[in-house]
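Quick mapping for you: the protein sequence lines, in order, are chains A, B and C.
Using my numbering, you'd call the opening residue of the first sequence number 1 and step up by one each time.
Using my numbering, you'd call the opening residue of the second sequence number 1 and step up by one each time.
Using my numbering, you'd call the opening residue of the third sequence number 1 and step up by one each time.
What the hints contain is simulated information worked out from the structure, not anything from laboratory work.
Check the hints yourself; a few may be wrong.
[Unchecked claim] A few chain B residues that face chain C, going by a derived Cβ cut-off under 8 Å, partial list only:
no. : residue
1   : 80
2   : 82
3   : 83
4   : 129
5   : 224
6   : 228
[Stated by the list, open to error] Looking from chain B toward chain C, a few residues come up when the C-beta cut is under 7 Å (computed):
no. : residue
7   : 124
8   : 128
9   : 211
10  : 226
The beta-carbon is built from N, C-alpha and C at its ideal position, and this holds for glycine as well.
Letter by letter, the chains look like this.
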Amino acid sequence: MAGIGVSLQADVRVKAGALEIDMRIDVAEGEVVALLGPNGAGKTTLLRALAGLVQLESGRVALDGVVLEDTRSGRYVPTEERSIGFVFQDYLLFPHLSVLDNVAFGLRSRGVRGPEVQRRAAAWLERVGLADRAHSKPSALSGGERQRVALARALAPDPHVLLLDEPLAALDATTRAAMRRDLKSHLSGFRGVRLLVTHDPLEAAVLADRLIVMERGKHVQTGTPAEVTSRPRSPYVADLVGVNLFRGVAQRGSVRVAAGAAVAAAGAESGEVFAVIHPRAVALHRSRPEGSPRNVWHGRATGIELYGDRARVRVEGEVPIVAEVTPAALAELKLGEGGEVWLSFKATDVGVYPA
Amino acid sequence: MRRERAPLAIGILAAAGAAFFILPLIGLVVRTPWADAARAVTSADTLEALRLSLVASLTATGVALVLGVPLAWVYARIEFPGRSVLRALTTLPMVLPPVVGGIALLLAFGRRGLLGSWLESSFGISLPFTTAGVVFAETFVAMPFLVLTVEAGLRSMDRRYEDAARTLGAKRWTIFTRVTLPLIAPSLFAGAVLCWARALGEFGATITFAGNFPGVTQTMPLAVYLLLGTNPEGSYILSLILLVVSLVVLVGLRHRWLGSA
Amino acid sequence: MIAASLLAGCGGGSQTSTLYVFAAASLTDAFKAMAGAYQKQHPDIDIKLNFAGTPTLVTQIEQGAQADVLASADTANMDRLKADGLTSGDAQVFAHNQLEIVVAPGNPKGIKALADLAKPGVIYISEAATVPAGKYAQQALQKAGVTVRPRSLEADVKSVISKIELGEADAGIVYTTDLKAAGARVQGVEIPAEDNVVATYPIVAVKGAKNSAAAGAFIAYVLSEAGQSTLASFGFKPA
């Protein structure tokens, strides 16, 4: 097992078809970092670049200060000499080898010989609870079992870095929850650099200490899961978290958003800001509401979706916004698709932070 | 699952296509004088030709595997100028009349050939009229089938398995032998069988380059051809023997390797 | 098909009819010239020539190939066709041929007689005994009392000549006519008459020939003075 104090610094520019990836990744000692982004953001390519499987346009990758790759000096440590464990999205277990030989593959490649190979591979299978499947072929395993074999195979040669590409995406929903807990415990048992790629915010939040959000090859936001969810910095993150996000210019108590509309916000002072409003804070009315709310908008309901005990209503007015009400309230409003509706929210329910 | 039924037109054309192959075989079976067949099967000449055919075609397949798999790998993986031209040149024997192939082999490896004259003067090695010459001719004609099949297999395999092996510390040779080759085993097998079948039936290049002498260079197809003139019934019997041997091998191997009929 | 036979049956003056002539491979050049000359005189006849080893031709006819005339390189194969009941009338000898030793130009191995074929270092190749030339070569060696193992039994005379031309083999035994046709590419060494074998070429109309009248006329032409002089120009001895 790698000693404590392994860190990764990478500054990577890669071309992947039309996509240009330009990312800086720092993983400090003891951290689990999740790279979160939509499909096609370049996450997998970035991970492959860190492993040396993709040619860098320019950049530098260093592990514990030891340079693995630097396009300026021309240094390139080939993949097979990097101390990296890689769990691929669909696991890529060698179909012609038994489970045990899959786990032993990295040990043999790294020069371990004799009965030691079997012993260590078997010990890893024991750890992931698959000792009884040692002689099965991967095709005979369930999705969850394959995931555990892939993890054992990647960890068996004691790498300093563990890269996981969508480790749970290939699993069905019921297995995924169990495997998430399982994976979390294995990740905490590993003391090297842990970097995982996912498009699932829940997975990212459960497994990682810190999130790096990337979109279209570029860095969007970094922070703990709590920071990222409370202060989203892109429509993608806002969507994932399920909040309304506006970007505009603050001016004495209000934020001027696109199309000239303004959102009254208690904390707004000046400069480019994000304004975030939770859908629960948005109230719907059949007629223009009276009273204190500073923000009163009028629009047309364009989408109504029920989520258990809540209903989400998308309202298209000057600025589109989503409101969340109870199904009972929705029934009382007699609101159907395309129906006209008023909405209101308090200025104090608008979170404002610099863009 | 419901059984799929063929549209009438496709069924008729498929039946005609199958009949096109089956009828000549029936003709061979019907016209074979079975009374003489037993004697012909066990005659020393027949056994000698059959033995030579099997030895030469299997050796040619072995040579084709040793040289052809690396060639296919280079074609599939390495980009270099002139690759498509080189590929076309090395697959030319598939369309070249085999006799022309035999002459080309003579011009290269014959006693006065480009390389052959050097082989003869330096090592006293002369390929024409030898069993090695038969293997040369068969390899020349049959190897392209293996190369093309294996190249297709290499191109269609999921290369990320090789990436996975690299992240596990495997060097290129280890990846090739322990990951790539096992993954393309079906293509490798199909290519080898095609190559072997082509080598077994080889006639034109063999008789041109290696000549024809019983026990040395006379393979079954040569024996069949030469017998056709004087003893057609004898040649039918030899053809049937060749056919049965090929059929047994092809059906047997397919069953064993692909697990289906 | 039906229309064609009806037209042929009418025998209209300007109507051409096709004559299928199967001839031994050794007759290739001579019969091409023969057919050309004959067609000049008989523009209404279209001769289609098919050349192969004589045994192959006989097998083709046995299997129902459309043939009107067969010109064979030996009597054995002609007898075979006759035994099959596929000949019409008696076969007539129209030419003879003799054997010669073929060597590379300049005769680098210094071969002077059949006995030299057995010298160490000489690669001798023969035709397979299934074709007439191969059988004749064996007979000639027997007469001369020479025992030599050929390195290869080639399918026909032309293969023997081309392998000697290419330098793969040093010597072979072929027809005089083939040597003449090969010109300067190879060189001939004569075989004395007492060891030589004379090949006999018979010609016959095939039974059931579509065009038996034309077949008879063509055979007569081959045997005529004009036909014989054409054959002589290719090195054949007269009938």
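Evaluation of the provided hints:
no.	hint	verdict
1	80	34 Å, violated
2	82	30 Å, violated
3	83	33 Å, violated
4	129	4 Å, holds
5	224	12 Å, violated
6	228	6 Å, holds
7	124	12 Å, violated
8	128	5 Å, holds
9	211	3 Å, holds
10	226	5 Å, holds
Consistency with the previously given hints fails for numbers 1, 2, 3, 5, 7, ordered from lowest to highest.
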